[in-house]
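K.L.:
Each chain is listed here by its residues.
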Amino acid sequence: MTRKSFWITLGLLTVLTMSLTACKPETVTVVETVIETVVVEKEGESIVETVVVEKEVEVETEVLVEKQIVIYNSMHGDPDPRAADEEIVKNFMEANPDIEVIHSIVAHEDFKTAIRAYLTASTPPDVLTWFAGNRARFFIDNDQIMDISDVWESEGWNESYPKGFQALSTVDGKQYFLPTSWYWWAVYYRVSIFEELGLEPPTTWEEFLAVNETLKENDYIPIAIGTKYRWTAAAWFDYLNMRINGPEFHINLMLGEESYDDARVAKVFEYWRVLLDNGYFLEDAAAYSWSEALEPMIAGEAAMYLMGDFIRDSLPDEIEADIDFFRFPIIDPSMPIGEDAPTDGYFLAANATNPDTAKLLLAYLGSVEVQTYNAEELGRLPTNSGVDRSLFTETQQKGMELIDGADFVAQFYDRDTTPEMADEGMNAFIAFWDDPDSIDTLLADLEAARQEIFAEE
Amino acid sequence: MPRTKRDIIPYLFLIVPVIIYIVWVIAPMIYTFYLSLTNWDGLTTPEFIGFKNYIKLFDDKVFYISLTNNLKWLGAFITVPVILGLGLAMMLNTAIPGEKFFKMTFYMPMVLAMVVSGLIWGWMYHPKGGLVNTFLMSTGLVEKGPGWLSNRDIVLWSIIIVAIWRQVGYVMVLYLAGLKSINPQLLEAATVDGANGWQSFWRIILPLLTPVTVIVLVISVIDSLRAFDLVSVMTRGGPANASSVLANFMYIESFNNYKMGYGAAIAVILFMISLGFIILYLWRVMKDELEY
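Protein sequence lines, in the order shown, are assigned to chains X and A.
Under my numbering, the first residue of the first sequence is numbered 323, with each subsequent residue one higher.
Under my numbering, the first residue of the second sequence is numbered 8, with each subsequent residue one higher.
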């Protein structure tokens, strides 16, 4: 018992010391010349480090008290996006000295896990990053997202944002979401390998199979993929389904309005199986994350990878120059062309404690200035048509053309359908990958899951 | 009067831990049980749905896969590390040169965080460049090493091996402590009476180690039931749930699929199973206390 009390006392003392240390700079500033300190909390892997930004301002102490705050939680956890995000917040605070942004960055997967806890907390964050589409729609339907039609109106976004993005943000004539960036999916390939074997980017399924065969004959791994986190396999399902059965059927399947035991779904797996049976995919794909599976491609052993444009963030510069991409080959020419182009953005929590300052920050995030910055720093494609298109690189131009040429733009398997259904579906894809003969049972199970999941809603 | 005053003191000391225990253990437990009877999705108001979650759970394939995997884990855990740990302890209990170094080496894995162990072994199991397969291929025994974490038939065992690697040193240390407490005179007496090493091990050492064995077994059982870290880091339960265990299944359902009510039901079942073993253990310990 004494030992336990000892540890408790020690723990309390530690906490006390830490909080005293944390308070120290602030008490000093109040006494003498005014230095504003802003504590930005960054959450890393397991440590929480605080960065204290100091600047001198010649104002009375009372002004400090009136300082307005806004809480901003973001999921830009990767190094480059994190740096850009911090820079944007810094610029915002410089432009608005009376506003303090309490900014925390959480890793992508952790953010997805925690978001419902954030929203239901007694003081939810004001501004949050999120995905457009079904994932945002769920929160809108549950009254967790604030109506920001007034911001759209006052910022003139109804004119400066293309129709498609407006539609993505609007429910019952009101805007709830601010889409800020998007990226395309395509088949990325090593140009040097294609040149060496005299291959052209395939446009039809037959050409695609021929390319795979040639690559395999020459001891290259035709297609790199790492399915440890499953979603990479979902991309193949998305594209095969859209190419074979058309985007309309695909999106209805995502919405739970078509059934998984439909013969058209079975057909998708027949095509998929050809690739598996011929051994065109990287072996032991389930052992790798998507970026681990990128290694053979960087090493020049694998030739192609169906991936989102963020693939280029993970490529060394000299390899990036040797990478190009092509549209997923057409299978049924009579079908409209669907592409995956996930859109990310922001929303305000319905119960935000600081709605006015939050709207200011949101307006800044949706501005041409910030979107230009992000496009330059991260190569993300902006949604605001006010951004000067001449700034874009050749690759970005090509990506935008790819999407411009599409008849339908989907978000992605796990964004277009419900999280539960996506979980069931992606498990089935992996099980199919491992044992293609089990597909009939898998689809029957998926159909049972669909009926249950969509009956609940 | 002085009698009661003295009686109160232990309870005074107990107040703080009891409050902490109620707030952090008992209350969440009751709340979890309540949640398991609702359809809470983490966002909307929980709606009471009776035992529907449990009915669904007992019809869920993944639940049975996870339960079986937990049982396989348990089976492996109460045998392999216990035998190896005891063997090592017997070996290192004699004064051999470098005995301290060996003890430290075998205990080392335990010091590492589970997550670190998982990551390191994840690299070792890498199908192409991993230590294990590189070694296997260099011996020429196999042409191509297996996908340790991608093959549904072996993935669970690949993870259990890591857990065992970690556990052996721990069991060894517990047994070493137990061996130190055995009175050497008993062994001397046995030798005088003509018992050989094998006989004194079975007849004297092992029976005297029973209290340690009970603790080791209980720890092994509990550790195997709460297995989560390694699975989560190495495979996240994949491929296609082949390496799922109850704790991981609960985590995925609650935080990936946001089915908090369903996740709570899994937690309750897992708790019931653990409770069974804990009661068994307490019953055993109390019986022993009465005997002595």
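Some hints could be false.
[Stated by the list, open to error] One-sided and incomplete, this derived list gives chain A residues near chain X with beta-carbon spacing under 8 Å:
hint, residue
1, Pro53
2, Asn100
3, Pro104
4, Lys107
5, Phe108
6, Pro134
7, Leu138
8, Ser157
9, Ile161
10, Lys187
11, Asn263
12, Asn264
I should point out that these hints are in silico values taken from the structure, not numbers from a laboratory.
Virtual Cβ for every residue (Gly too), placed ideally from N, Cα, C.
K.L.:
Any of the earlier hints contradicted here, and which numbers?
P.N.:
Of the numbered hints, 1, 2, 3, 4, 5, 7, 9, 10 do not hold.
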